[in-house]
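J.: Letter by letter, the chains look like this.
Protein chains: 6
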Amino acid sequence: MRENRLRTLFAQKKLALSGWVSMGNSLLAEVVANGGYDAVTVDLQHGLFSVESAIPMLQAISTTDAVPLVRCSENSLGEINKLLDAGAYGVICPLINTADDAERFVRACHYSPRGGRSYGPARGFMYGGPDYFTHANRTILTLAMIETNEGYANAEAILQVPDLDGIFIGPSDLAIEMGLAPDAYETRELNDAIRTLVALAQKHGKYVGIFAGTMDMAQRMKEFGMDLVVPGTDIQQIKAEGARRIAALR
Amino acid sequence: MRENRLRTLFAQKKLALSGWVSMGNSLLAEVVANGGYDAVTVDLQHGLFSVESAIPMLQAISTTDAVPLVRCSENSLGEINKLLDAGAYGVICPLINTADDAERFVRACHYSPRGGRSYGPARGFMYGGPDYFTHANRTILTLAMIETNEGYANAEAILQVPDLDGIFIGPSDLAIEMGLAPDAYETRELNDAIRTLVALAQKHGKYVGIFAGTMDMAQRMKEFGMDLVVPGTDIQQIKAEGARRIAALR
Amino acid sequence: MRENRLRTLFAQKKLALSGWVSMGNSLLAEVVANGGYDAVTVDLQHGLFSVESAIPMLQAISTTDAVPLVRCSENSLGEINKLLDAGAYGVICPLINTADDAERFVRACHYSPRGGRSYGPARGFMYGGPDYFTHANRTILTLAMIETNEGYANAEAILQVPDLDGIFIGPSDLAIEMGLAPDAYETRELNDAIRTLVALAQKHGKYVGIFAGTMDMAQRMKEFGMDLVVPGTDIQQIKAEGARRIAALR
Amino acid sequence: MRENRLRTLFAQKKLALSGWVSMGNSLLAEVVANGGYDAVTVDLQHGLFSVESAIPMLQAISTTDAVPLVRCSENSLGEINKLLDAGAYGVICPLINTADDAERFVRACHYSPRGGRSYGPARGFMYGGPDYFTHANRTILTLAMIETNEGYANAEAILQVPDLDGIFIGPSDLAIEMGLAPDAYETRELNDAIRTLVALAQKHGKYVGIFAGTMDMAQRMKEFGMDLVVPGTDIQQIKAEGARRIAALR
Amino acid sequence: MRENRLRTLFAQKKLALSGWVSMGNSLLAEVVANGGYDAVTVDLQHGLFSVESAIPMLQAISTTDAVPLVRCSENSLGEINKLLDAGAYGVICPLINTADDAERFVRACHYSPRGGRSYGPARGFMYGGPDYFTHANRTILTLAMIETNEGYANAEAILQVPDLDGIFIGPSDLAIEMGLAPDAYETRELNDAIRTLVALAQKHGKYVGIFAGTMDMAQRMKEFGMDLVVPGTDIQQIKAEGARRIAALR
Amino acid sequence: MRENRLRTLFAQKKLALSGWVSMGNSLLAEVVANGGYDAVTVDLQHGLFSVESAIPMLQAISTTDAVPLVRCSENSLGEINKLLDAGAYGVICPLINTADDAERFVRACHYSPRGGRSYGPARGFMYGGPDYFTHANRTILTLAMIETNEGYANAEAILQVPDLDGIFIGPSDLAIEMGLAPDAYETRELNDAIRTLVALAQKHGKYVGIFAGTMDMAQRMKEFGMDLVVPGTDIQQIKAEGARRIAALR
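Protein chains in written order, with UniProt numbering: chain A, 1 to 250; chain B, 1 to 250; chain C, 1 to 250; chain D, 1 to 250; chain E, 1 to 250; chain F, 1 to 250.
Hint data in this document are derived by calculation from the structure and do not stem from the laboratory.
The model shown is predicted, which means the values in this text are computed figures rather than measured ones.
Note that beta-carbon positions come from the ideal geometry of N, C-alpha and C, so glycine has one too.
Among chain F residues calculated to face chain C with C-beta under 10 Å, some are:
{"no.": "1", "residue": "D43"}
{"no.": "2", "residue": "Q45"}
{"no.": "3", "residue": "E79"}
{"no.": "4", "residue": "L95"}
{"no.": "5", "residue": "I176"}
{"no.": "6", "residue": "D183"}
{"no.": "7", "residue": "T233"}
Covered, in the sense of this in silico footprint (three residues per stretch, anywhere, with C-beta under 8 Å from a C-beta of chain F), are these stretches of chain C:
{"no.": "8", "region": "45-52"}
{"no.": "9", "region": "80-86"}
{"no.": "10", "region": "108-114"}
{"no.": "11", "region": "122-135"}
Here chain A stands alone, though its shape is the one from the complex (with noise of 0.2 Å):
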């Protein structure tokens, strides 16, 4: 089976890179996949289209070294596995609020005995190779999201369940369950809380990842010791650029 580069990566303790695709179209994930990133994650929760649409965004990733993540739209066993069927290399689970949650989010991504996984992956034969069953089980990550308060109070929990590989952090939900701003990614407690559960993840022995608001942000997080770091979507590409090529000609 296909290595799955991310866990390479992580291995080497070097920084990954994630582009974003929130908008469902196959040749902008194309685009976004041959612009350097170390993978591509397909946003099933906040993206504003189906897992239907995935299907050719995880095709186009497939054309290159890019490792076609996703993040579904909520714990679901029926829309995970589909999109495991597609070909994703991980999956991003938003809400995962306690250990059960998770321990469902991590059978959902395994088959048995370890969980209930179903048998029918299409895609993940022509991506991952005829031995695809055999492996698949280790080389498909598990990333759980805390992004609420209950989350990241049982964050050490969530950490402990078998199989999960790591957590991602949202920080605008984490945010505006503090009680701050979306956007308030320079607050102190709010940083605190990261580095909080970048020790945690650290002393499990697993993964940890973020999505970035701003570049400054993103920087940090890098200090910070992230395994994974989302700098931003592809509409935050495009807006950024747009307005720096427009103020320049106004």
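Take the given structure of chain A and dock chains B, C, D, E and F to it, following the hints.
T.: Structure of chains B, C, D, E and F alone, referenced to chain A:
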């Protein structure tokens, strides 16, 4: 943030009319939205299309003054959040049978601390404005469907769920549950039940809307004091006018 | 090969009515096809969708007895062949201005030796039957649109093109070319021109159809002796019935 | 209401064969439906497409005599209702592990009082007929998938759920749960389990079907007395014939 | 009819900036349209999508004040008419090499008597207003692309075609035709040619626009006196900002 | 620029086999591309989908070593350019009847000075590499279809058009033009004509390929010395294997 004109109409005690789109086509949505309705509801429950197709439909409605509403397919945080991200200004949620169901629905539509809506309103900002996050909780309209015997029995408890804006009656399903035909719109039992629900909503200062299966029923619902009436679906409009035209020429 | 019921109706001197679909949705096409029309025309010219969306629309119409017609977007061999492959049983071709245009159109619709239609009727075999190739040339209906001054002047020559089945009048474009408003359906000039075209078609034993912009016009067209009348579009049906419903409730 | 030909075949003790469509294309569905199968199953679980794409696929199948079945992606009222609205005449539901699961599934497929199916069968009326509501509960076929150890242990209880029509065996997932490879179709353990399930179904007067991973297995399943056999997927058909053709020419 | 704000800007001698969308996604179009551009061009020539996908993109742009432009894929009456029906307020037509080409293009964009545009502006009425037909001929903007040696040689004749509003320069194709590299934006030859075209356009009182391959070029084009500048595509925006972000974090 | 493996195979006098995709689904394209073919042809002529759907199909093929070919729907600069932009590495063009047709086709596939291909190869750069522009003219394969009596008569002149890489024979259309049935693959006349074309191509040092309607024909075409053979379509593969499976179980 752009106002929710339905709230304005409701405050003025004016009857609001909503078009109803159940076929997945953005031009159709724009045609209906240009037809003079105060709102257009994109129906994800019985409408034969997916969330992804709702996006261009909501965009099309947004070219007009009609308020973009959705009926979600079920009481699901993931789906509701995606529809709100896409700029829906109100959600009609099917099958609210208990106050717990209603509370879960309200939480899906509100940001913390009132609820658990996740942050990522791509189109919300574009349609609503840059202050979307600050005002969304009190702008988005939440209407719980009463359409089962259980929901009917629990209607008063449902209406007392804080921050639920009102109820929306599903007369065909309610009729079926009462042992009547789905089109038993003229029966005394059904109409008594509807009147009871209107009175309950008014008692608790909440809004009440309904889908009207026929124009006779729509007229009666206006007289019952409804805040919102849906006078049939797009499919019914196509069929009624088509039958009229064919009959005239045979 | 499945018969072309329009030919049967025409032979019986019965007025045929066709629905008209200009929004790209297969459910809409099925709703219209179930409405009682003898045929349903999928409009690729002013309909805002592509050939690809016409395929499921033709499939949907094929679940009923309504004859699947198309209006192609232009007199293009490539597009016409694809639509015939997809199972269309008749083609209305816009902007036939000369006998040469008509001859080119006829050739696009017929296999050699009469024409240059390319072989590959994937859905043709499924809808029409295994003997499709043998009978297609005499089953498929070809209707040339007369909608310009030039086409009007050349109508008799056009009608004499061998194997052209008839003409279809575009009254709005013809009106514009005559210096009238596009909805000048009641003017004497336009109606005289239409009557002339009907007479010419009948003289040459060809069929004649028309799009009727209003129901008054549709009635008059029936009286003029048309073989085929289209009493408005799907959009008009939606708008007319919507306006009626809204007016009744305001 | 149009009869469900599968029920007729089952009553006649005739083996029914179903095609299996796992790629989201309506032409493909029509090709398979024209191939001679008694039914065609549109697979929403491992099929890489969404509910919306299932609509034109069901329309395409409806141009033939093949019975339109679906496998839903999960035991979800919302999705099942939408598929039934779209004209599916039978539902295969994955991961039925307990009688409670089965009861929930049956309720999703039946109108009140037997279940909680919501009313809005747009295509149901077109495909089934105007008396759809009256007969749907006893026409729609409900098949619960047995594919886990838990489901196997509870099979007899599941089979006794009133109004469940039968079971459908998922051999690969069952094999995995038994500690075997997903393609261990020839092992004694798996075949013993399958025979046990057939006997249980027959004892309770219920139907039993299965997906056959190979043609050898399909033959054996016929001998086991299955009511319904699926001899592989569309993807398998493409691959098997493609490999044969390439091998012949190399 | 809604004004064409580009005409207003041009009349005020203000530089207009257009965004450029070459990926087929309506959310992307809306994001670009909200970015501050005076217009957004939906590129059907090199954009990898079809006319059908342009519809929701034009709808999305119509939720903003940005003027919806299109670049058609070729000088085709059928395609141009469909795009105008869909509400485009201006057309950039590739490969205008002669005055005859330009005349054909102008005729495709105008109703009779000036041209042969067919009547059926479904979205035109919704976006432009009920008086669309009366004013469309003088509202819609027509820009002919000069991008070949032949077109350059015939530029003055092209500019004199009545009712053509102006020209739009394709610098990469023009460079290739001149024997230069497609990105030879800094060469004297190319810039001399561009200046010549600007002077010719101004001499004949016509507008002149250009696609700028780099921001340096965009600045220079502003200085050259262009009426309309496109500072790169959506893909370039995504790539430039992505590269910047990745470089900052490596 | 990535090599065109078909050119390598042709240079080595090895028979190349191409799969043929005529249903618009990217997963199907990927399945066929993984099946062992040297190339996969996306058929825009008789394939029932549009250019837009060809994009994800070409992306899917690009995940494998199979060379992505297209058959365009007609000899149209606009369509051919869009398909090349999308990364097609070869074009089969239908209905080349004269050397002029062939010259026009060649020009559509080559940048200036050899042709008039427009610059904008979004996917070309991603699939081919950053030096795409420099090498595209000699990498892209151009195959002109001979499928009419006229084309057959002009074959030698067509083969002498500079930079045309070869011809591709359409046996069904050629048979029809010769007055035979479309599946007259065993007739002497047709086979004589094919042999003549092979000899002509070889005489002029050009490649020659063919679509084979049956496996017997495919074998014979190999013996005739074809460079490229297409052993049937995806639809034929589905049907052949489906029929085999059903027959075995009845």
